[in-house]
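Novice: Each chain is listed here by its residues.
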Amino acid sequence: MTDELMDFREALAKYDPVLGLEVHVELNTNSKMFCGCSTEFGAEPNTQTCPVCLGLPGSLPVVNGKAVESAMRIGLALGCQIAPWCRFARKNYFYPDMTKDFQTSQYDEPIAFDGSVTIEVDGVEYVIPIERAHMEEDAGKLLHVGGATGRIQGAEYSLIDYNRAGVPLIEIVTKPIRGTREKAPEVAKAYVSFLRDMLRSLGVSDVRMEQGSLRCDANVSLMPRGETELGTRTETKNVNSLRSISEALRYEIQRQAAVLSSGGRIVQETRHWHEDGGYTSPGRNKEQAEDYRYFPEPDLVPIAPSPEWVEALRGTLPEMPSLRTKRLQADWGFTDREFGDIMAGSALDVIEDTVAAGASPASARKWWLTELARRANETGLELTDLAITPVQVAALQKLVEAGTINDKLARQVIEGVLAGEGEPDEVVRSRGLAVVSDSGALEAAVDRAIAADPDAAQKIRDGKVQAAGALIGAVMKEMRGQADAAAVRALLLERLS
Amino acid sequence: MSLTTRSAAELAGLLSRREVSAEEVTAAHLDRIAAVDGDVHAFLYVDGDRALSLAKTIDARRAAGEKLGPLAGVPVGVKDVFTYAGAPTTCGSRILEGWIPPYTSTIVQRLLDGGMIPLGKTNMDEFAMGSSTENSGYGATHNPWDLDRIPGGSGGGSAAALAAYEAPLTVGSDTGGSIRQPASVTGTVGIKPTYGGTSRYGLVAMASSLDTPGPCGRTVLDAALLHEAIAGYDARDSTSIDAPVPDVVGAASSADVRGMRIGVVRELGGEGYAPGVEQRFDEAVALLQDAGAEVVEVSCPHFEYALAAYYLIMPSEVSSNLARFDAMRYGLRIGDDGTRSAEEVMALTRGQGFGDEVKRRIIIGTYALSSGYYDAYYGSAQKVRTLITRDFDKAFEVADVLVSPTTPTTAFRMGERVDDPLSMYKADLCTIPSNLAGNCAGSFPVGLAPEDGLPVGFQVMAPPLADDRLYRVGAALERLLPNQLGALGALPGSLAAKEAVR
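Residue numbers (our numbering), protein chains in the order written: chain A, 1376 to 1872; chain B, 7 to 508.
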């Protein structure tokens, strides 16, 4: 990394950033865009292919109706108009990951266009104008072997996996986003985060950035403050996490500002984000704009969704995330900060489900953001991938509230559930975790604790109730945690009164 | 009478009455191919063992009393543009040398479902680009009427195989006349069905919006029987039409043209048309009139621009469809010696694997689609296409079918036009409008031109999904012109001479 960078605040004092975000979403349809092959992630290379997605001579595409439906629902959720008539187009270019050496995409007739969404960053609302959402197919995956970087430069050879070739994609393109000033990196991040939540609530995609089912290309250009003419932009790829989006944009703003202020000019190019080093480097130079020679795909017929179909799909839209979050925060009575933690922890859905299963919002929030978040972190899983369900968390909380277990034991119950030992009550039974309610054993332990620490006992007798902590701790230790701390406390105070 | 000179309908009758076995019929045709194809070169690949084995299976099924399709046991040649799992498919191009497709096209599958016996793959101009079969990467096919003349193209192999009695039926594909023009110059019947009436799945694309698979035969009824077997909706082809197949066999049997309005297209004739072609065409029109048809003259003013529009739309689609031949997955690969990049290997392979005509069309199409030129070329051509379709619509208001010569001349000499692409393109002057509009059309033999003794073809065009009308007119001509090519069964021209010497 040798780029000169200007201090971010200084850069913002001189320039206004303008953003443009292109998000590719892999749909979660069972089959590919134009054939019946499975789309499941992680299969052996080239096992999910057929003459159509391999582009064998003579094969022909047939549109996946489910994918069209998903595209229309996404368009509607983005506030777009749905085209009454649109076509696919061929985007022609040679590359080994393209089985036909053209991508079947949409060009000047996207299925959805002209929408907008509103997002919020630090209490300020930003309207993100949406240019279009269109359907296309994914390419195969190249694995470059023998080079130092895993990139094509310096590689000895490359392997191709066409399992991904033909997986349905929706590309969502914003219009230029102006006026975000120093919040530009956070607005971009919040927008993609919003899209992720929205797509998840639509149920149309797995939206896993780390698996590539949600991919963002971040465009940014700078113009001197007060000007209105757009500067030359760069497009940064390989931005594979929400954090990378804001970091890559922040980097590009600082880099471009340094170039411009020293009298240089920005080269229109694709840049590659290096997550490890936190910098971008030049990729393909787009100065000689590639000519994709788009023309309408003659192997497919136009798509003309009836107004009735569009309205029926509109009726299937779930509540939009921004409205939903506002409603849930009010219902649950959390502060902005408490609620912000939930959003940041991607725990909204699981907490909602836990509350629906009978737990209080506070307890649901506590379990998912502490113990369960920790375990998810340790194993690199999403909360939803943990082997415990919201219903089980609610059941666990019921056991706590009934006094069967305490919080400390509950953590062991969680461990048991995650280890596949069954429902929370089964784990309590099989591990013998229930709080000891045998008053004889408890009383004996209390007496031993008093005898072992006469000083503390005397203090309690003198009215210094806070000294009870040490004795309670001793009892709990002896009982190996399987006692109700409140009951121990009551017993102690009774003995020493 | 030898088995190879029988019509498909006759063979079907012999087979169903078990007077002859499918194995005998197949073996007779394989023998015939072995005897004459050295001169004709209609076949690129003869699938002899599999054909005989399929024939035995059909015989066994028939012996078991199974109900079979009307053409079960009848051999058929397949243009090398259709995939047939296990048989090499080259499209006449070196770039596909050695490729054996792992899947079978819908057309070939329907042949197999109907119990027909694919004999092998017939020669063609490379990727169906040409009107003489001289553009094949594997050597030209010769016209059995005169071995020094072209058999038409691109489907010269399929037409010559019929004329040389190597197969009673063949399937072809027609993008600008590739079924009809070869039929015309070999004295056979070739039909381009309505676009969408026959499935393109497994037909290696030349120009997707124009390509149409269709039947070829020596008689009108044979073509109709094959048409019925291969046509109809296919969910694998999005442009396939979900409608019943018109009753083409009934039409071929009735041959009744009384009251039919026959429109002679004013623009398709005159200067550039050989006198013998015009003479035989006029005679045929007169015969139809005598048989009770009403003859009217129609004008299709935009046909004049058809060739120009075609040579923009077709190459544009070609430039995209032929991109996939990049040496990465199948076929030829040149220069992969570990020192070259993928891009260099792609360029070398395409440079050596494609012939001149293919390259010419890729270059034209790439140019026509490029930004800044798209509207002027591809865009304008699409507008012309719409105008041509409207010309047809208007003409079909006053006529049930339109007629013209199929091609302006009889078979020209080999080598005569190879260095003059424009004169080669003109062979498709009369056939291209129907591809642009997507309606159906067919070519039927109407005798020999007096000046050179070579076959003349008569084109009939009908509205979309009115394919039966083609057969009605074709069958009428067949009856009105008995023995127009000499009795069916006699060998055509030069091949006969050659055999006599042998």
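Certain hints may be false.
[What the hints assert, rightly or not] Just so you have them, the derived chain A footprint on chain B, three or more residues with Cβ under 8 Å:
id : region
1  : 208 to 222
2  : 243 to 256
3  : 368 to 379
[To be verified] No more than 30 Å apart at the CA atoms, straight line, and that leaves these computed lysine-lysine pairs for DSSO-like:
id : chain 1 : residue 1 : chain 2 : residue 2
4  : A       : Lys1834   : A       : Lys1852
5  : A       : Lys1466   : B       : Lys62
6  : B       : Lys389    : B       : Lys432
7  : A       : Lys1466   : B       : Lys389
8  : A       : Lys1550   : A       : Lys1783
9  : B       : Lys62     : B       : Lys73
[Claimed, not checked] Simulated DEER-style distance windows between Cβ atoms:
id : chain 1 : residue 1 : chain 2 : residue 2 : range
10 : A       : Ala1794   : B       : Gly344    : 47 to 55 Å
11 : B       : Glu25     : A       : Asn1405   : 47 to 55 Å
12 : B       : Leu118    : A       : Gly1522   : 45 to 53 Å
13 : A       : Ala1418   : B       : Glu310    : 29 to 37 Å
What the hints contain is simulated information worked out from the structure, not anything from laboratory work.
The beta carbon of each residue, even a glycine, is placed where N, CA and C say it ideally should be.
Novice: Work down the list of hints and note, for each, if the structure agrees.
Specialist: Hint-by-hint comparison with the structure:
Counting residues of the region 208 to 222 of chain B whose CB falls under 8 Å from any CB of chain A gives 7; the rule of at least 3 is met. With a threshold of 8 Å between beta carbons, the proposed coverage of the region 243 to 256 of chain B by chain A holds, since 3 of its residues qualify and at least three are required. Look at the region 368 to 379 of chain B against chain A: 4 of its residues bring a Cβ nearer than 8 Å to a Cβ of that chain, three or more, so the hint holds. Pair hint lysine 1834 of chain A plus lysine 1852 of chain A holds up; C-alpha atoms about 21 Å apart against a cutoff of 30 Å.
Straight-line distance between C-alpha atoms of lysine 1466 of chain A and lysine 62 of chain B comes to about 48 Å, which puts the hinted pair past the 30 Å bound. Simply put, lysine 389 of chain B and lysine 432 of chain B have alpha-carbon atoms about 21 Å apart, close enough for the 30 Å limit, and the pair holds. Of the pairs offered as hints, the one joining lysine 1466 of chain A and lysine 389 of chain B holds, with about 22 Å between alpha carbons and a cut-off of 30 Å not exceeded. Straight-line distance between C-alpha atoms of lysine 1550 of chain A and lysine 1783 of chain A comes to about 52 Å, which puts the hinted pair past the 30 Å bound.
With a C-alpha separation of about 16 Å, the suggested pairing of lysine 62 of chain B with lysine 73 of chain B holds against the 30 Å cut-off. Taking the beta carbon of each, alanine 1794 of chain A and glycine 344 of chain B are about 52 Å apart, inside 47 to 55 Å as hinted. With their beta carbons about 53 Å apart, glutamate 25 of chain B and asparagine 1405 of chain A fall inside the hinted range of 47 to 55 Å. Restraint check, leucine 118 of chain B to glycine 1522 of chain A: a C-beta distance of roughly 48 Å satisfies the suggested window 45 to 53 Å.
Checking the proposed 29 to 37 Å range against alanine 1418 of chain A and glutamate 310 of chain B shows it is violated: the Cβ atoms sit about 56 Å from each other.
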